[in-house]
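Starting from the known structure of chain R, arrange chain F on it as the hints suggest.
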Amino acid sequence: MKATVLKIAVAAGLMAGVATGAMAQQKNVTIGVSIPAATHGWTGGVVYHAQETAKQLEKGYPGLKVIVKTSPDGASQANALDDLTSQKVDALVVLPFNSDELTNPVREIKKRGTLITVVDRGLKDPSIQDIYVAGNNPEFGRVAGKYFVDNLKQGNVVVFRGIPTVIDEERVTNFEKALEGSGVKVIDKQYANWNRDDAFKVMQDFLSKHPKIDAVWASDDDMALGIMEAIRQAKREDIKFVLGGAGMKDMVKKVMDGDKMIPADVSYPPSMIATAMGVTAAHFYTNAPMRGTYVLNAQLITKDNAKEHYFPNSPF
Amino acid sequence: MTETVLRSSAEKRRFTIDMRALSPFIALVALIIAGALINPDFLTASNLLNVVTRSAFIAIIAVGATFVIAGGGLDLSVGSMAALTAGVMILTLNNLGGGDVGTLALGMLAAIALSAACGLANGLIVTFGRIEPFIVTLGTMGIYRSLVIWLAAGGTITMRNFELRELYRPVYFDSILGVPIPIIAFLVVAAIGALILYRTSFGRHVVALGSNEDVARYSGVPIWRVRTLTYIIQGICVGIAVLVYVPRLGSATPTTGLLWELQAITAVVIGGTALKGGIGRIWGTVVGAVILELVANIMVLSNFVSEFLVGAVQGAIIIIAMLVQRSVHRGR
Numbered sequence: 001m002k003a004t005v006l007k008i009a010v011a012a013g014l015m016a017g018v019a020t021g022a023m024a025q026q027k028n029v030t031i032g033v034s035i036p037a038a039t040h041g042w043t044g045g046v047v048y049h050a051q052e053t054a055k056q057l058e059k060g061y062p063g064l065k066v067i068v069k070t071s072p073d074g075a076s077q078a079n080a081l082d083d084l085t086s087q088k089v090d091a092l093v094v095l096p097f098n099s100d101e102l103t104n105p106v107r108e109i110k111k112r113g114t115l116i117t118v119v120d121r122g123l124k125d126p127s128i129q130d131i132y133v134a135g136n137n138p139e140f141g142r143v144a145g146k147y148f149v150d151n152l153k154q155g156n157v158v159v160f161r162g163i164p165t166v167i168d169e170e171r172v173t174n175f176e177k178a179l180e181g182s183g184v185k186v187i188d189k190q191y192a193n194w195n196r197d198d199a200f201k202v203m204q205d206f207l208s209k210h211p212k213i214d215a216v217w218a219s220d221d222d223m224a225l226g227i228m229e230a231i232r233q234a235k236r237e238d239i240k241f242v243l244g245g246a247g248m249k250d251m252v253k254k255v256m257d258g259d260k261m262i263p264a265d266v267s268y269p270p271s272m273i274a275t276a277m278g279v280t281a282a283h284f285y286t287n288a289p290m291r292g293t294y295v296l297n298a299q300l301i302t303k304d305n306a307k308e309h310y311f312p313n314s315p316f
Numbered sequence: 001m002t003e004t005v006l007r008s009s010a011e012k013r014r015f016t017i018d019m020r021a022l023s024p025f026i027a028l029v030a031l032i033i034a035g036a037l038i039n040p041d042f043l044t045a046s047n048l049l050n051v052v053t054r055s056a057f058i059a060i061i062a063v064g065a066t067f068v069i070a071g072g073g074l075d076l077s078v079g080s081m082a083a084l085t086a087g088v089m090i091l092t093l094n095n096l097g098g099g100d101v102g103t104l105a106l107g108m109l110a111a112i113a114l115s116a117a118c119g120l121a122n123g124l125i126v127t128f129g130r131i132e133p134f135i136v137t138l139g140t141m142g143i144y145r146s147l148v149i150w151l152a153a154g155g156t157i158t159m160r161n162f163e164l165r166e167l168y169r170p171v172y173f174d175s176i177l178g179v180p181i182p183i184i185a186f187l188v189v190a191a192i193g194a195l196i197l198y199r200t201s202f203g204r205h206v207v208a209l210g211s212n213e214d215v216a217r218y219s220g221v222p223i224w225r226v227r228t229l230t231y232i233i234q235g236i237c238v239g240i241a242v243l244v245y246v247p248r249l250g251s252a253t254p255t256t257g258l259l260w261e262l263q264a265i266t267a268v269v270i271g272g273t274a275l276k277g278g279i280g281r282i283w284g285t286v287v288g289a290v291i292l293e294l295v296a297n298i299m300v301l302s303n304f305v306s307e308f309l310v311g312a313v314q315g316a317i318i319i320i321a322m323l324v325q326r327s328v329h330r331g332r
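Line by line, the protein sequences give chains R and F. So that you can map any letter, position 54 of the first sequence is 54 in this note's numbering, and since no number is skipped, the others follow by simple counting. So that you can map any letter, position 279 of the second sequence is 279 in this note's numbering, and since no number is skipped, the others follow by simple counting.
Just chain R, same shape as in the assembly (with noise of 0.2 angstroms):
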């Protein structure tokens, strides 16, 4: 099972495969997926989606070649896109580690004339891309802050931040924004670092520290898990919820189970990759249009949509 959005973008390119059938069976095209090791959750998701959809679109595109490359550090990045490149690509998937670093190696490769796709994060000069894939931070935060307005409409919350990055400053700026004018309010914040260890240690501090917290929210499923335990630990009944973020299997699972605490989730999807090589490989294949920026939405994941956020075989 795949994210809507890439089935939509399989489809529409398998139908325009069928239509232009006879041409599409001469045509050898290859497609190089530069991306981050396994370091942690989140990119344990993105190489485990971009291998499977590797194996898909090779099988619905005749004469398709995807080569996935895994790299530890943005260093390392830069020498696997040099590989990737001697093995003649005509199109290049890269999610790169840090703008900075990678933005000139990308550019080399874009002067041979490569189809170049950015995704997640983007490189220092926009016009290198192609087509440019991202998750929306900002949104992130205001459907979060969104679920707390309609949800609990009164009372006090507590924050976990991030690693301070732009990503984690878009996300809390909007999460604050959207509760503006409303009765919630964010009584203290902190870095947990999207560290199940140090968030347990937040939230103990926390329940020393506030007599009554309504609702937490955890802004990532890792961090969200050791908050979990804190509270049980604890014993407290004054918390209604927690909400995570990012859609990690087991937190997704809770959600589709019905549990109380974790009654939704916000999602970023490390499927995001299996977007991208998706219309890279439509750009191929279909006369469809497929240059321009493809932002996907933060979208509340709740009991009802659980099931189309869930994959069991993912590491994440």
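Worth flagging that the hints you see were computed from the coordinates, not collected in a lab. Among the hints, erroneous ones may be present.
Label-pair ranges, simulated between beta-carbon atoms [as the list claims (entries may be wrong)]:
#1 F:Gln314 / R:Ile67: 43 to 51 angstroms
#2 F:Arg217 / R:Thr85: 54 to 62 angstroms
#3 R:Asp238 / F:Val305: 20 to 28 angstroms
#4 F:Val188 / R:Glu108: 56 to 64 angstroms
#5 R:Thr85 / F:Leu49: 52 to 60 angstroms
#6 R:Lys253 / F:Tyr198: 25 to 33 angstroms
#7 F:Ala274 / R:Ile67: 50 to 58 angstroms
#8 R:Gly74 / F:Phe134: 22 to 30 angstroms
#9 R:Lys307 / F:Ile26: 58 to 66 angstroms
#10 R:Asn313 / F:Leu195: 45 to 53 angstroms
#11 R:Lys177 / F:Ile33: 38 to 46 angstroms
#12 F:Ala117 / R:Asn79: 30 to 38 angstroms
#13 R:Glu101 / F:Ile319: 29 to 37 angstroms
#14 R:Asp82 / F:Ala117: 33 to 41 angstroms
Where chain F lies over chain R, by a calculated footprint (3+ residues, C-beta under 8 angstroms) [to be verified]:
#15 41–51
#16 199–205
#17 226–238
Virtual Cβ for every residue (Gly too), placed ideally from N, Cα, C.
Positioned in the frame of chain R, the structure of chain F alone reads:
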């Protein structure tokens, strides 16, 4: 006890050493007072027990680090080693599949065996390879970390058997006579560590090795064996810390134990052990670990430090605590 010693000038040298050993405790008391002034909730039993319980992993690992550092070595791989050990332990438990005490015991045994083997590997490469421990353990840090990422496929290794999880959970969360089990665990580990370091010939060999390797060699200290053993002790301590860590969240991730090596080394140094070797203070180390966790706790409990500046204030407090310690024994 120090008052009488203070007046006898013949015992003056001894007294300075006592003060030095005492100074981490003074810093601890100062921190507790500061914490109480910042937020009255700080002094509640539940908060203090939470904090000391949380410091258990670093404290236990740091007891091992005291041996390594006192012996003139260094181990940067402990955080990665802890993650790898936790990962392998959980995978072992999942593969055995049972929900009984026997399964748990086998998993624990696997954890200790693996961490001791990791420590042995560090020790053998340092001694027989004659390479700087900084480089060796930096290398194994990467190796152990990558292995756990590979085992987890970048995701999370979680205990699958719910019964086993519930059976094991009390090891972190329960208390005996009001004292949480992790605190008992680190007190026992520290007591055994102190016994070995202060009361056995091996302990004296470690300190001799750390203060001057050549002199130790000419005095007939079996250098290679002693040095390798310090790394094995470090490994076993990591294993014990993992036994207390796994029941807390029941999972290991690629970020488990990140930067624990620095926290352990900091705890050791705050405790009064010399980073260049030759002095080892087990109880100081334990207090150092508690101090580190207390500082983090006070930061969250305070209302006036912005979340952006927490790291800066934490760093400043640790440096000030060290300065206070220095002035205490320099002033005499």
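Hint by hint, here is what the structure shows:
no. : hint                                    : verdict
1   : F:Gln314 / R:Ile67: 43 to 51 angstroms  : holds, 45 angstroms
2   : F:Arg217 / R:Thr85: 54 to 62 angstroms  : holds, 56 angstroms
3   : R:Asp238 / F:Val305: 20 to 28 angstroms : holds, 25 angstroms
4   : F:Val188 / R:Glu108: 56 to 64 angstroms : holds, 60 angstroms
5   : R:Thr85 / F:Leu49: 52 to 60 angstroms   : holds, 58 angstroms
6   : R:Lys253 / F:Tyr198: 25 to 33 angstroms : violated, 52 angstroms
7   : F:Ala274 / R:Ile67: 50 to 58 angstroms  : holds, 53 angstroms
8   : R:Gly74 / F:Phe134: 22 to 30 angstroms  : holds, 24 angstroms
9   : R:Lys307 / F:Ile26: 58 to 66 angstroms  : holds, 59 angstroms
10  : R:Asn313 / F:Leu195: 45 to 53 angstroms : holds, 50 angstroms
11  : R:Lys177 / F:Ile33: 38 to 46 angstroms  : holds, 40 angstroms
12  : F:Ala117 / R:Asn79: 30 to 38 angstroms  : holds, 33 angstroms
13  : R:Glu101 / F:Ile319: 29 to 37 angstroms : holds, 33 angstroms
14  : R:Asp82 / F:Ala117: 33 to 41 angstroms  : holds, 38 angstroms
15  : 41–51                                   : holds (count 6)
16  : 199–205                                 : holds (count 5)
17  : 226–238                                 : holds (count 4)
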